[in-house]
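Peer 1: Residue strings, one per chain:
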Amino acid sequence: MICVPGDDVAPLQDGLMRGHGTYAHSNQLVSCGAGRIERVNKLASVRPVRGRYTGSVGDLVVGEIVEVAHRSWKVDVGSTRKATLAITSVTLPDDAQRVRTHEDTLAMRELFKEGDVVVCEVQAVNADGQLHLHMKSNRYGLLENGCVVRVNQHLVRRLKHHFVELPDINVELCVGHNGRVWVQRAIPSQWIEAEAQDGGGGAGEADALLSAEAWRRVRKRHSALPLEDNEREACCRARNAVAVLGSGGCVVDGDSILKIYRASLGDAPSKMLTRAVAQKLVADFLGERAPEPMDEGEDAMQL
Amino acid sequence: MRSDGRQPLEAREFDIETNILVQCWGSARCVVGGGLGGGTECLAAVTAQIGEGTACGVEVECSPSLWAAGDDRAKLALQERLAREADAWLTPWRAAIPKIGEKLGWHLVIDCIILSDDGGLREALSCAIRAALASTKLPAAEEALEASDETTEALPFSLLPAETPPTTLSVDECPVVVTLAVVGGTLLADTTADEPADAMVAVAVAAGGAVVGVDVLCGAVPPALLREAVAAAPALAAPLLGASSLAPAPR
Chain R
1 MICVPGDDVA PLQDGLMRGH GTYAHSNQLV SCGAGRIERV NKLASVRPVR
51 GRYTGSVGDL VVGEIVEVAH RSWKVDVGST RKATLAITSV TLPDDAQRVR
101 THEDTLAMRE LFKEGDVVVC EVQAVNADGQ LHLHMKSNRY GLLENGCVVR
151 VNQHLVRRLK HHFVELPDIN VELCVGHNGR VWVQRAIPSQ WIEAEAQDGG
201 GGAGEADALL SAEAWRRVRK RHSALPLEDN EREACCRARN AVAVLGSGGC
251 VVDGDSILKI YRASLGDAPS KMLTRAVAQK LVADFLGERA PEPMDEGEDA
301 MQL
Chain Z
1 MRSDGRQPLE AREFDIETNI LVQCWGSARC VVGGGLGGGT ECLAAVTAQI
51 GEGTACGVEV ECSPSLWAAG DDRAKLALQE RLAREADAWL TPWRAAIPKI
101 GEKLGWHLVI DCIILSDDGG LREALSCAIR AALASTKLPA AEEALEASDE
151 TTEALPFSLL PAETPPTTLS VDECPVVVTL AVVGGTLLAD TTADEPADAM
201 VAVAVAAGGA VVGVDVLCGA VPPALLREAV AAAPALAAPL LGASSLAPAP
251 R
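Protein chains in written order, with the UniProt record's numbering: chain R, 1 to 303; chain Z, 1 to 251.
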């Protein structure tokens with residue numbers, strides 16, 4: 001349920017707790033912001049539609065390293081504060097499982113340096129809103145040879161798989177909860193299979209077919225190989241499709257990106273950046289059509 | 001092909017609106033790359049008064065909504081830098097400020113505010129300034145006879161009757177600025193935040209495609225690329241010049 005400031009959220013009953021974005025007035029709980037009403041048992045609150053990424057535990061986020069600090073990296077995920085990625089929360093090269101030594105601390109820039117784009121998961125949220133990130137899944141890590149698109153974080157719902165592959169198009173996306181979407185050429189399955197045969201799989205998660213070190217090797221191979229022209233065009237088109245969805249306030253997931261992608265195939269990708277084309281794509285996607293112009297003369301006669 | 005599918009010297013769509021502020025003599029709003037929301041937005045407003053000689057000052061302000069500029073100190077530095085640059089852009093145009101008689105003339109102040117920045121900042125700013133000047137309508141005035149009472153300090157001018165057509169400004173000498181960035185050895189026009197530039201050069205182009213100024217904004221630009229940038233600038237500036245010279249829409 002969407003509400004605007006002044007809308008009634010719920011009647012004030014015994015035991016009803018007032019959450020963020022509401023205030024009591026007469027016998028009603030009234031919203032003081034524009035957003036979604038959320039009811040969790042006895043707690044009623046209003047979650048705003050705009051605002052920085054707040055984060056919750058388990059969210060997959062795409063961020064940019066902005067600082068290499070002592071035993072941790074500071075990552076820009078679009079939150080009010082920079083998120084922290086501790087050195088103990090990343091997998092070391094060669095899948096080493098050991099206590100992080102002083103040498104590891106000095107060699108942090110070899111893992112991630114300023115300007116690198118990384119995908120990780122939110123491990124914990126501080127009381128003041130600062131996020132702590134981790135890369136414990138084998139698929140998390142450094143992202144290269146692709147680009148980031150920013151959309152409103154509210155357009156990203158919790159999906160089953162945040163690593164989305166667009167079939168037949170050879171493009172892979174990583175949809176972050178913080179509204180940052182990473183677009184790259186799809187990693188060929190032959191490379192993954194080759195690594196799986198060589199090194200064997202990783203322990204644990206179902207979608208981590210390879211160990212962290214094997215994923216690193218596959219990614220390095222991907223980033224070392226320049227894109228072909230058709231691959232580049234496909235990535236550009238997918239990137240623009242995400243941007244168009246973001247501009248139209250549409251939910252960003254694999255299906256919607258695919259629809260916009262297919263609808264845009266008539267023009268060059270850069271045409272999707274213009275307002276006219278973007279609005280048409282969004283309108284068609286949402287199923288809205290402009291009313292047909294009425295032939296006024298004849299209809300009036302028949303009345 | 002760049003990450004959003006544009007060619008290296010392809011600029012994004014832009015939009016200019018004039019006469020948006022009723023309390024100023026002329027105003028304009030320019031949005032670069034606003035097709036998908038966001039983009040770079042600048043507002044420029046012209047206020048005027050009559051004084052001795054002619055003058056034109058530019059003030060630039062960074063709005064609090066300008067995330068891209070960084071913290072307050074960075075914003076202040078950006079404001080001052082852009083004000084100085086805009087001042088330099090207007091140097092060839094200052095001769096065109098209307099005079100009133102021999103001693104008096106119009107003193108213009110152009111106030112600009114940058115609301116958002118997503119690349120193409122100087123394009124948006126220079127277009128907004130040029131369009132604001134093009135849409136400025138100053139009341140027609142003439143120099144009055146010397147007042148017989150010498151104790152008054154009022155300037156000797158009088159406004160002509162309201163039916164007289166207003167004084168408009170010619171913006172032919174006023175340039176628009178296009179920025180080209182050097183990214184990995186190639187020249188790119190209208191770069192956005194996800195195309196980090198090694199060096200940037202700004203080229204000012206006046207009406208008719210005449211290049212009136214070149215400024216290296218940051219980094220070191222190899223001479224061959226600098227020549228290429230100057231050669232490519234008129235074509236990039238042509239649509240901006242055309243749009244900012246259009247007759248203003250009626251209020």
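Warning: the hint list may mix true and false statements.
Computed from the model, here is a short list of chain R residues facing chain Z with C-beta under 10 Å [claimed, not checked]:
#, residue
1, K220
2, N240
3, G248
By construction, these hints were calculated from the structure, which means they are not laboratory data.
Even glycine gets a Cβ: it sits at the ideal position worked out from N, Cα and C.
Peer 1: If a hint holds in the structure, say so; if it doesn't, say that too.
Peer 2: Structure-based check of each hint:
Annotation: interface hint on K220 (chain R) violated; nearest CB of chain Z at approximately 20 Å, more than 10 Å. Evaluation of the N240 (chain R) hint against chain Z yields a held restraint, the C-beta minimum of about 6 Å falling below 10 Å. Look at G248 (chain R): its Cβ gets to within about 9 Å of chain Z, closer than 10 Å, so that hint holds up.
Hint compliance for this structure: hint 1 is the single one not met.
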